[in-house]
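Student: Listed below are the residues making up each chain.
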Amino acid sequence: DVKVTQSSRYLVKRTGEKVFLECVQDMDHENMFWYRQDPGLGLRLIYFSYDVKMKEKGDIPEGYSVSREKKERFSLILESASTNQTSMYLCASSTLDLHNEQFFGPGTRLTVL
Amino acid sequence: AQKVTQAQTEISVVEKEDVTLDCVYETRDTTYYLFWYKQPPSGELVFLIRRNSFDEQNEISGRYSWNFQKSTSSFNFTITASQVVDSAVYFCALSEPDNAGNMLTFGGGTRLMVKP
Chain A
264 DVKVTQSSRY LVKRTGEKVF LECVQDMDHE NMFWYRQDPG LGLRLIYFSY
314 DVKMKEKGDI PEGYSVSREK KERFSLILES ASTNQTSMYL CASSTLDLHN
364 EQFFGPGTRL TVL
Chain B
591 AQKVTQAQTE ISVVEKEDVT LDCVYETRDT TYYLFWYKQP PSGELVFLIR
641 RNSFDEQNEI SGRYSWNFQK STSSFNFTIT ASQVVDSAVY FCALSEPDNA
691 GNMLTFGGGT RLMVKP
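Just so you know, the protein sequences line up as chains A and B, in that order.
Each number in the working numbering comes from the position in the first sequence (counting from 1) with 263 added on.
Each number in the working numbering comes from the position in the second sequence (counting from 1) with 590 added on.
Calculated directly from the structure, the hints in this document are not laboratory data.
Yeah, the Cβ is synthetic: ideal placement off N, Cα and C, and Gly gets one too.
Among the clues, some could well be false.
[Claimed, not checked] So, partial list: chain B residues that the calculated Cβ filter (under 7 Å) puts toward chain A: (1) Asp619; (2) Thr620; (3) Tyr623; (4) Leu635; (5) Phe637; (6) Phe696; (7) Gly697.
[As the list claims (entries may be wrong)] DSS-like, lysine-lysine: derived pairs with alpha carbons at most 27 Å apart: (8) Lys593/B to Lys320/A; (9) Lys593/B to Lys318/A; (10) Lys606/B to Lys266/A.
With the rest of the complex left out, here is chain A (with noise of 0.2 Å):
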């Protein structure tokens, strides 16, 4: 059965921490992405990573940052997180080949206090 996990499902933080969400994908998958998803506003896309090393700004990028040392593993860095971040994060992979669907994780639902 493939898989997309997310380290936490939920996590609580101070304004001001710095946050990782960790994301692994046991598909051999070379895309990998990061979304918030907010009421109304459907998943926006922050960060998407292409291969090991190489990333791409999404919509929202501002206060984010990622990480992808190995094709499975891609990470999502909140420097200093502001109440603002207060949001579920969802991440997804997909193969390369154009316009396939991409497979997504159950989410973290992250409160900045």
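Fit chain B to the supplied structure of chain A, relying on the hints for placement.
Tutor: Then chain B, alone, in the frame of chain A:
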């Protein structure tokens, strides 16, 4: 302007009713792909269907059917004889050729509640 619009934020139906979820998209490209995903309460988005812009045939899969109409830029999703297990948030998404890395543009989602 939003590229993918799901005007219905929330729909409530009683079990066995038919329900249609609307999706309107905007693109200047002639080649593009449209997707529907389901997000049950567990949180994980589940892929339902992908349709390319050159295939306007309607698709049926069990109780699910999709109506793609290029003339109105719509890709609507109908659930026939809804069940409680259909309760979820449903997302429509667009993939365009200039989207690097298979990027998807999502609509705002429609929350469907099916009551017993």
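Student: Against each hint, give a clear statement of whether it holds in the structure.
Tutor: Hint check:
1. Asp619: 12 Å, violated
2. Thr620: 14 Å, violated
3. Tyr623: Constraint on Tyr623/B satisfied, holds at 4 Å.
4. Leu635: With a closest approach of 4 Å, the Leu635/B hint holds.
5. Phe637: Result: holds, 4 Å to nearest chain A Cβ.
6. Phe696: 4 Å, holds
7. Gly697: For Gly697/B, the interface hint holds, since the closest Cβ of chain A sits about 5 Å away, which is under 7 Å.
8. Lys593/B to Lys320/A: Between Lys593/B and Lys320/A the Cα gap is close to 19 Å, so the pair holds against 27 Å.
9. Lys593/B to Lys318/A: Cα-Cα ~24 Å, so holds.
10. Lys606/B to Lys266/A: 32 Å, violated
Hint compliance for this structure: hints 1, 2, 10 are broken, all remaining hints hold.
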